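Number of protein chains: 2
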Amino acid sequence: MNLVNNVYLEGAKLVMIDRRRIPREIVPVIADNYEDVARAIEDMVVQGAGDIAITAGFGLYLAALELEATEGVLNIEKMENAAARLRVTRPTGYHLAALLDRIMERLKEGDRPVSEEILKFLNSVLARQREISQDTGRHGETLLESGDTILTHCFAGSGLLYMLQYAKENGKDIKVICTETRPYLQGARLTAWSVSQLGLDTTLITDNMAAHFMSRGVINKVFTAADRIAMDGTVANKVGTLQLAISAKYYNIPFYILGYGGPDRRTLKGDDIPIEERDPKEVLEFRGIPISGSDVHAFYPAFDLTPADLITGVITRTGVDLRKNTG
Amino acid sequence: MNLVNNVYLEGAKLVMIDRRRIPREIVPVIADNYEDVARAIEDMVVQGAGDIAITAGFGLYLAALELEATEGVLNIEKMENAAARLRVTRPTGYHLAALLDRIMERLKEGDRPVSEEILKFLNSVLARQREISQDTGRHGETLLESGDTILTHCFAGSGLLYMLQYAKENGKDIKVICTETRPYLQGARLTAWSVSQLGLDTTLITDNMAAHFMSRGVINKVFTAADRIAMDGTVANKVGTLQLAISAKYYNIPFYILGYGGPDRRTLKGDDIPIEERDPKEVLEFRGIPISGSDVHAFYPAFDLTPADLITGVITRTGVDLRKNTG
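From first to last, the protein sequence lines stand for chains A and B. Convert by adding 2 to the 1-based position in the first sequence; the result is the number in this note's numbering. Convert by adding 2 to the 1-based position in the second sequence; the result is the number in this note's numbering.
Simulated from the structure, these hints should not be mistaken for lab results. Heads up, some of the hints might be wrong.
No distinction is drawn between identical chains; accordingly, a pair holds when it is met within one copy or between any pair of copies.
Unchecked claim - Simulated pairs of lysine to aspartate or glutamate, EDC-like, Cα-Cα distance not exceeding 20 Å: (1) K251 / D311; (2) K177 / D311; (3) K122 / E68; (4) K223 / D234; (5) K174 / E27; (6) K177 / D297; (7) K177 / D150; (8) K283 / E133; (9) K283 / D203; (10) K170 / D297; (11) K223 / D297; (12) K15 / D297; (13) K177 / E27; (14) K174 / D34; (15) K271 / D323; (16) K122 / D103; (17) K223 / E79; (18) K177 / E79.
Because the structure is a prediction, the values reported are computed rather than measured.
The whole structure should be built from the sequences, with the hints applied where relevant.
Printed below as a string of structure tokens:
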């Protein structure tokens with residue numbers, strides 16, 4: 003399985019395999035303090051809600067290590083500052099803030115863990131994440147029929163890869179079409195590459211081609227992940243998910259969300275989810291080369307919100323939750 | 003006005019300003035025979051249905067020049083071969099084949115023009131194209147209200163620029179959002195650049211962001227061109243047009259086609275329009291740099307078909323034809 007263990011500790015340093023350069027180059031980015039970890043998250047060295055959360059957790063661990071080395075104890079205020087810094091790196095996803103909160107709650111409750119306990123906790127989260135991904139993949143697999151061609155967007159996490167691997171093990175012939183997912187091309191670089199490594203027939207398309215292939219009857223099902231699911235069923239995911247869902251609805255193609263741990267109980271409505279606005283330069287340039295005129299502005303919302311009634315079902319570690327309001 | 007006169011004769015040579023490199027570089031591609039012209043069209047040195055047609059016409063003119071120089075007369079069979087070669091360069095658009103047919107019909111009718119007459123004819127077509135673009139722009143302008151933010155896809159031809167220029171002259175404040183239009187980035191390179199040169203507020207987005215901005219109420223109207231309109235109202239245009247139209251319908255945003263000369267009487271149904279499949283390599287690479295894994299395939303349909311019921315109105319040289327079946 004690819005794209006697993008891309009973030010790991012080497013002693014007191016965090017190694018992050020740079021997701022922006024996979025699959026052409028395997029380049030480690032190394033951080034020995036939480037500020038460098040925060041910057042790496044902002045710069046998209048890591049990708050995917052679960053990995054981002056774990057990386058931020060490791061950032062907090064590095065902060066704890068440093069405080070132990072310099073002050074002997076964990077200064078709660080300084081730990082709060084580190085957590086706040088790590089929390090603002092990517093505002094849309096749910097897992098990052100949730101994981102940092104769980105560590106900080108333990109600190110505040112007086113049951114103050116030393117860095118080693120934070121590490122133990124992170125390792126248990128990692129093991130749990132893998133378990134959730136495998137369970138989600140197992141439930142997702144039940145939705146696949148031999149002969150299906152599925153469309154996916156951005157990188158939907160290792161649950162997608164487990165789902166496809168289990169389908170293959172069960173003798174199902176599944177083809178996968180991946181949107182390239184501009185501007186960061188996660189679909190091209192991460193998803194298409196890792197799906198092809200599983201030995202599946204994998205096709206890359208640009209983001210504007212999805213409806214064309216739906217109109218031709220080529221696509222049977224759509225699967226994306228969710229960076230956050232609100233209690234009203236709204237899904238925040240990589241920008242582009244919304245128009246895929248609208249097009250899928252138009253062509254009566256089932257649209258499934260790999261929801262892993264399920265909705266965020268603290269987010270009641272879609273409108274409560276902040277949409278991260280990234281640097282417009284990332285749209286105006288491709289690998290540092292300007293692609294438009296110098297008087298042209300750009301917008302870069304990293305996510306969009308897909309309303310519940312466009313979603314056929316949400317796949318979590320506990321099963322498939324089919325929405326009532328879709329056909 | 004930009005992007006006008008990008009294809010012109012210099013003696014017996016055709017100069018084509020390379021559209022793939024605008025606006026960063028002004029690089030002429032020069033052809034002195036029809037085969038080189040055909041290759042330039044295939045390689046997308048020229049872009050836009052009208053320009054492609056004129057360029058092919060110049061290709062036929064170069065073929066006539068050569069025959070006159072070598073054989074003294076226009077061998078009809080050799081002219082047919084040249085026309086056939088030029089016709090297959092881009093199969094989806096209507097104008098290219100139509101223009102070549104008009105030249106060849108004159109040849110066959112015995113009223114055999116010498117090369118100079120072909121040239122005279124092409125110049126009259128050019129003048130007529132400009133007139134049609136201006137008329138189309140003038141009618142389109144009546145649909146714009148001050149304060150509008152319009153979305154456009156790919157490069158919708160000089161009619162779009164005339165429309166925006168007339169709106170500006172009439173004191174209307176119009177903002178323009180352009181999809182970058184992968185894989186060739188015509189929206190980023192041609193449209194966003196030339197619209198910004200008109201002095202309008204111009205914003206570039208990636209192709210997957212359109213529905214997000216529609217959902218936020220940012221976009222009031224959508225305008226695209228058509229490479230061909232069938233008699234049943236189906237519009238063939240740059241791939242991505244279909245999903246913009248589906249999303250616009252979902253959000254009740256008017257979707258207009260800059261239709262210039264109007265539908266092609268010889269094409270009864272959308273299904274009769276061949277969709278050009280281009281080299282998948284153009285999707286798998288960005289400026290020669292591979293963006294995915296080596297086992298990944300790709301598709302590159304250059305166009306898609308938008309059914310009539312997703313289109314609010316078609317703007318031609320004669321006026322605005324509002325479709326009855328849309329809200």
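Here is what the structure says about each hint:
no.: 1; hint: K251 / D311; verdict: both (9 Å within a copy, 16 Å between copies)
no.: 2; hint: K177 / D311; verdict: neither (26 Å within a copy, 31 Å between copies)
no.: 3; hint: K122 / E68; verdict: within (17 Å within a copy, 80 Å between copies)
no.: 4; hint: K223 / D234; verdict: neither (23 Å within a copy, 30 Å between copies)
no.: 5; hint: K174 / E27; verdict: neither (32 Å within a copy, 50 Å between copies)
no.: 6; hint: K177 / D297; verdict: between (42 Å within a copy, 13 Å between copies)
no.: 7; hint: K177 / D150; verdict: within (6 Å within a copy, 42 Å between copies)
no.: 8; hint: K283 / E133; verdict: neither (38 Å within a copy, 38 Å between copies)
no.: 9; hint: K283 / D203; verdict: between (34 Å within a copy, 17 Å between copies)
no.: 10; hint: K170 / D297; verdict: between (50 Å within a copy, 17 Å between copies)
no.: 11; hint: K223 / D297; verdict: neither (41 Å within a copy, 22 Å between copies)
no.: 12; hint: K15 / D297; verdict: neither (43 Å within a copy, 34 Å between copies)
no.: 13; hint: K177 / E27; verdict: neither (26 Å within a copy, 40 Å between copies)
no.: 14; hint: K174 / D34; verdict: neither (45 Å within a copy, 55 Å between copies)
no.: 15; hint: K271 / D323; verdict: within (18 Å within a copy, 41 Å between copies)
no.: 16; hint: K122 / D103; verdict: within (16 Å within a copy, 76 Å between copies)
no.: 17; hint: K223 / E79; verdict: neither (48 Å within a copy, 51 Å between copies)
no.: 18; hint: K177 / E79; verdict: neither (51 Å within a copy, 47 Å between copies)
Of the numbered hints given earlier, the model fails hints 2, 4, 5, 8, 11, 12, 13, 14, 17 and 18; all others are met.
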